[in-house]
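J.: Residue strings, one per chain:
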Amino acid sequence: MKNKDSYKEIEKIKNEYQKQRKSFILLVITLFTVISIYAIIRNMNPDLVIVILIIVFSCIASYGFKLGLFYSVKTGLIYKEKIVNKVLKENFKTIEYNPWEGIEKKEIDATNMINMGTNFHSRDLIKGNFNNYDFVFSEVWIYNKKMRENIEEIETLFKGQWFIIDLKDRKVSNVQICDKIFFNTAMDSIFNSPNYNKVELEDIEFNSKFNVYAQSTLDAFKVLTPDMMLKIKQLKSKFECELLLCFIDNKLHIGINNHKDIFEFDDDKIEKKYIEEKIINEMNNIKNFIENLDI
Amino acid sequence: MEYIILIIILVVVITIISIINNLNRNIVKIEEAASSIDIALQNRYDILIKMMDTVKSYVKNENSTLFEIVNLRKGMSTKEKTLENEKMNHNIEKINVVAESYPELKASENYKVLQEAILEVEEELQAARRMYNSNVSILNQMIVSFPCNIIANMQGIHKRDFFEVEESKKQDVKIEL
Chain A
6 MKNKDSYKEI
16 EKIKNEYQKQ
26 RKSFILLVIT
36 LFTVISIYAI
46 IRNMNPDLVI
56 VILIIVFSCI
66 ASYGFKLGLF
76 YSVKTGLIYK
86 EKIVNKVLKE
96 NFKTIEYNPW
106 EGIEKKEIDA
116 TNMINMGTNF
126 HSRDLIKGNF
136 NNYDFVFSEV
146 WIYNKKMREN
156 IEEIETLFKG
166 QWFIIDLKDR
176 KVSNVQICDK
186 IFFNTAMDSI
196 FNSPNYNKVE
206 LEDIEFNSKF
216 NVYAQSTLDA
226 FKVLTPDMML
236 KIKQLKSKFE
246 CELLLCFIDN
256 KLHIGINNHK
266 DIFEFDDDKI
276 EKKYIEEKII
286 NEMNNIKNFI
296 ENLDI
Chain B
42 MEYIILIIIL
52 VVVITIISII
62 NNLNRNIVKI
72 EEAASSIDIA
82 LQNRYDILIK
92 MMDTVKSYVK
102 NENSTLFEIV
112 NLRKGMSTKE
122 KTLENEKMNH
132 NIEKINVVAE
142 SYPELKASEN
152 YKVLQEAILE
162 VEEELQAARR
172 MYNSNVSILN
182 QMIVSFPCNI
192 IANMQGIHKR
202 DFFEVEESKK
212 QDVKIEL
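Line by line, the protein sequences are chains A and B. Read left to right, the first sequence gives residues 6 to 300 (the working numbering). Read left to right, the second sequence gives residues 42 to 218 (the working numbering).
Watch out, some of these pointers could steer you wrong.
What the hints assert, rightly or not - Facing chain B, according to a computed beta carbon distance under 7 angstroms, are these residues of chain A, among others: (1) 207; (2) 223; (3) 226; (4) 227.
No wet-lab data here; the hints were simulated from the structure. Each residue gets a CB set at the ideal place from its N, CA and C atoms; glycine is no exception.
Start from the sequences, fold in the hints, and give me the full structure.
T.: Structure (structure tokens):
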């Protein structure tokens, strides 16, 4: 199916949803009025009326929720499988996109950089090769689910994009570069581990923005050349968010904590030009960084 | 009143101890970095000797005056290390020039392996140099700032020299593969 048809399909589903939502609201008002009038005429017991209202509205709320969920799932499905996939394939030949897979939790956990919380979600897996670097990329959401006074609370620890770039035969010992304003680090594991030392580099601006921990100070200096530090600073200013970088097992992990899901369907903007520009821009940012990596 | 004086004395003592600890910690870091430089210089020297031998086997008639004598020994000052490093740079530069005139040398497997090895060591040396200079810079800044300068003077701690590499020399040691 052509992209154009996918946009039309989403537009059609959206219109149908809006129609159903209107009828649904009308149904709620009608039911409420009918029950109230009937209760007044028959002089019904108020407790019984409340019980009936609760039962009726529970059924209606459940239906309304399902309606909304069905709409978001259906549009999301078309958006990711047909639109995003096609835009990525057309513009970036060396990548594969799978919207329903993600990076495994254990891979991020192994970096020891982040508090992994109670829940982990990862979707929108992209595998590919830019400038001879194999990489994987995925949306990641790590959060704590807590119950406070019988109310469920969600505390986000990390939400954004995660990259793993294969450095091939380049041997580097573990070096962690953590944004100073990112507070959900796995600090305990760093401080408990005798292998990691805090490293101060010669770049004062870099030191003011990032904490660097390494198993070998010399390796930290080898990896973080002045050019590399400049690229990391540029990356931070480009994304305007918290960055986490980790060299481990000949791979470079990059976490971008921008609290965004870049492949999320935006209900208000179903314009072809806007969506394609957004996807291509995000992917180009990734491509430019990997292409200029030069490790 | 007595308590206040006691507290002031305690604060002064703690400050002095922490400054001395910081200075000593930095000196240890500088020594570690200096040791990394020594190792990298030694490795570079070893590879250079092998490269010079390889070159000499190709350039039999002109080898007597071709290279500068590099003299690495234990306990060298930073200035001496810088000087010897520069001599090594000159020698590598000469090797490059010679290799241009002897295509069979440039194409030899042994020469290629040595070139790769010297690039690796070069990277190691750059990192060690930056680590050393970064620690020297921190120490030198501490030494000139109050009240560290007083304690540093009392402890006989002086400013350290940077391990300098001229920009032109850094370019010279880059060997095209």
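J.: Determine for every hint whether it applies to the structure shown.
T.: Verification of the hints:
1. At its closest, the beta carbon of residue 207/A sits 4 angstroms from a beta carbon of chain B; the interface hint therefore holds under the 7 angstroms criterion.
2. Among the interface hints, the one on residue 223/A holds; its C-beta lies about 5 angstroms from the nearest C-beta in chain B, closer than the 7 angstroms criterion.
3. At its closest, the beta carbon of residue 226/A sits 4 angstroms from a beta carbon of chain B; the interface hint therefore holds under the 7 angstroms criterion.
4. With its C-beta approaching chain B no nearer than about 4 angstroms, residue 227/A sits inside the 7 angstroms limit, and its interface hint holds.
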